[in-house]
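Visitor: Read top to bottom, the protein sequences are chains F and P.
Under my numbering, the final residue of the first sequence carries the number 526; numbering is consecutive throughout.
Under my numbering, the final residue of the second sequence carries the number 741; numbering is consecutive throughout.
Hints are supplied without guarantee of correctness; some may be wrong.
[Unchecked claim] Taking lysine-lysine and the BS3-like style, the derived pairs with C-alpha atoms no more than 25 Å apart in a straight line are:
| hint | chain 1 | residue 1 | chain 2 | residue 2 |
| --- | --- | --- | --- | --- |
| 1 | F | Lys346 | P | Lys693 |
| 2 | P | Lys693 | F | Lys350 |
| 3 | F | Lys365 | F | Lys399 |
| 4 | P | Lys693 | F | Lys347 |
| 5 | P | Lys723 | P | Lys654 |
| 6 | F | Lys308 | F | Lys347 |
What the hints contain is simulated information worked out from the structure, not anything from laboratory work.
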Amino acid sequence: MNVRVKRREFLNLLAAFGGTGAALNAGAALNLLPAASHAQTLDLRSPDPSKKQVVILGGGLSGLTVAYELTKRGYDCTVLEASHRCGGRVLTVRHGDLIDEIGNPQYCSFDDEPHMYFNAGAARIPSSHKNILGYCKELGVDLEVFINENKSAYVQDDKMLSGNRIRNIEFTTNMRGFMAELMAKALTHEELNQPFSDAEAEALLSSIRAFGDLKENDLYEGSFRAGYKSGGFLKHGVQKDMIAFRDLLKSRLGRQLLSANEGDTGPILMQPVGGMDKIISGFLNHVGERVKYRAIVNSVEVLDSGVKIVYDHDGARQSFDADYCFNCIPTHLMVGITNNFPDDYKKAMKYVRRGDAYKAAFQAKSRFWEDQEIYGGISWSNSPSRQIWYPSHGIHKSKGIVLAAYDYGGGIYHTQMSQSDRIEAHLSDAEKIHPDFRDNVEKPITVAWHRMNHMLGCSARWQRSFSTGWTHDEEKLYETLRAPVNNRHFFIGDQISMHSAWQESAVMSAQWSLTKLDAYVRQDLA
Amino acid sequence: MPNLISRAIRRRYGKPALLITFALASAICVSAPNEPVNDRYCKTCHGSDGRGNEAIQAPILAGMEEWYLIRQLKNYRGKVRGFHPSDERGIAMQAMANSLSDESIRDIVGWIKTWEYTPPDATVDGDKAEGKKLYASCAACHREDASGNEAIGAPPLAYQNDWYLVKQLENFTNGYRGTHENDIFGQQMVTMVKQLKDDTGIRNVVSYITSLRSD
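I would like the entire structure built from these sequences, with the hints used as guidance.
Guide: This is the structure:
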């Protein structure tokens, strides 16, 4: 760092390195991120007794939210669910469950115990997601803390340190130290004092020093924060060797590791005790008898007076006339279901792309990670399997379910493999982090959302480009699709939100449509 | 580890009859244990009564000739089709057909026969006059009216989704289909598509083919 750093470069540096928190605040101010709010209170009026038939297509979270709210108000709801289960992508896998992947059906043979499960879809509830939390409270769904970031978990990258694993805390402590050193050096240049008063500059510098655990000379020389090499309790602790900045920069994982605790995945996250589908069970406790399973919708016809649904059930073609229809069938499947939607609707349905997230898990014969100081959280890798999730629940029990792959962006890579190739890929990837992984696990399950029957995709993708954000055209298509058709048909689900892949979005989409229905009903009754 | 998979498959063909009762009896359980499955997955991708789904790129099945359906299902099963890494849709279909028994194929084809054909919307815009000239060489096998010719293994074309015909012609052009040594008919297509020259030629000939429908 002999080269002088210009002020502009420093400010860019701040944005690039230290700017995560700052960027989040700025983003919230610009309404780029969902702002914290109160849970929606729905003041829905009771229906006209002659217009209270509601059909809900799909027993996913948004569909069940509608069924629950409208049944409470005296509507007569029927849920047509194509598969053998409700919940859609709220899928908890446990003993005996069918994973209904087209061409690759699997049955789960995990031990039949309450803590032996994994959440194959929705898995985390942020504390700011007040509407889904509101339903958890109302439905009596017990919650526990979900551990997302774990500083004791591992980071492994074939390009870094000869592929040897290091602890998350070693990576982040050293990374922060070097980043702080850069910032401190930049700030001490005289010309940089200009934007700040002396007091501000001192406050900033002391924060930077604390951020990176710098020595008095503003140099980073390693830190006890990364853990002790030895001692620390009854003898003085011996500091671990510093890892060179250049070595850390060989991995691209810093991007994820430094933001794992920000935004939607920032602490505190929660999960229902016993599996995410306890939320689904909570709704079904109230509206379970309203659900027809294995009812496959053949056509949706919006009429002046209501909606006509034709569906196949119990080997027979049946039809249902409803006053209102709420539809959480994925748009990419709705394209193939006969309908009379307006052309701009059909165009919007075809625009949305289906997500291809992928997860895989094993039953571990012992909770070997707990012997390695890992309790919950995630290990990160540059391998295609990307992440290992250790269960936050069942701590110190004899066994657990460990997630050995979560590809949230490009799951097609594993999706296109045979089941045995997928399993081998995860075993060999995990062995780089836990050398004895293969011997410690059994009973694999893979969930390739792109091929799951009746879903064929994970969360909807509206944006063609994540770097440029939503285009004006995309916003228009979105507004088209969420507007009711003829005040009779309402598309719902996290797919009809600007923040897909979260249960909160599914619930809020349902609630938004319910307020639209209510406005129409009040107008109709007036 | 492979033993675990075969065990799972054996479980699949276990004795599900008793367990169906569980599924029906329980409203509160999100999922019943050991839910039975069968191979009738078609409509999830291919849409209402197999009328095709452009968003999934899954073509019309209703109205397709039985002999052609059987041949293609067997081609997929044997990885004669759906093998190329760039043929994403073909790979998905291959995975579906991979474990089908002959009995299952007969069952599926018999099921498809019960679906009513509905003409698909036109989505491809091309020069039909130019397409007609290009089609002259296709007609030898697929007939003048694109109704197909079972005797020489040429399927009907006129009633198919136009976007699917485009995709398949592109697949033949790019070597994603028709390059397997056992794909006798596909190999002929690889030779024939060269006459279409480019994307414009493909669009022109497809728009002509689907104009031959007498819906």
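Visitor: Would you list, in rising numerical order, the hints stated earlier that this structure does not obey?
Guide: As far as the earlier hints go, not one is violated by this structure.
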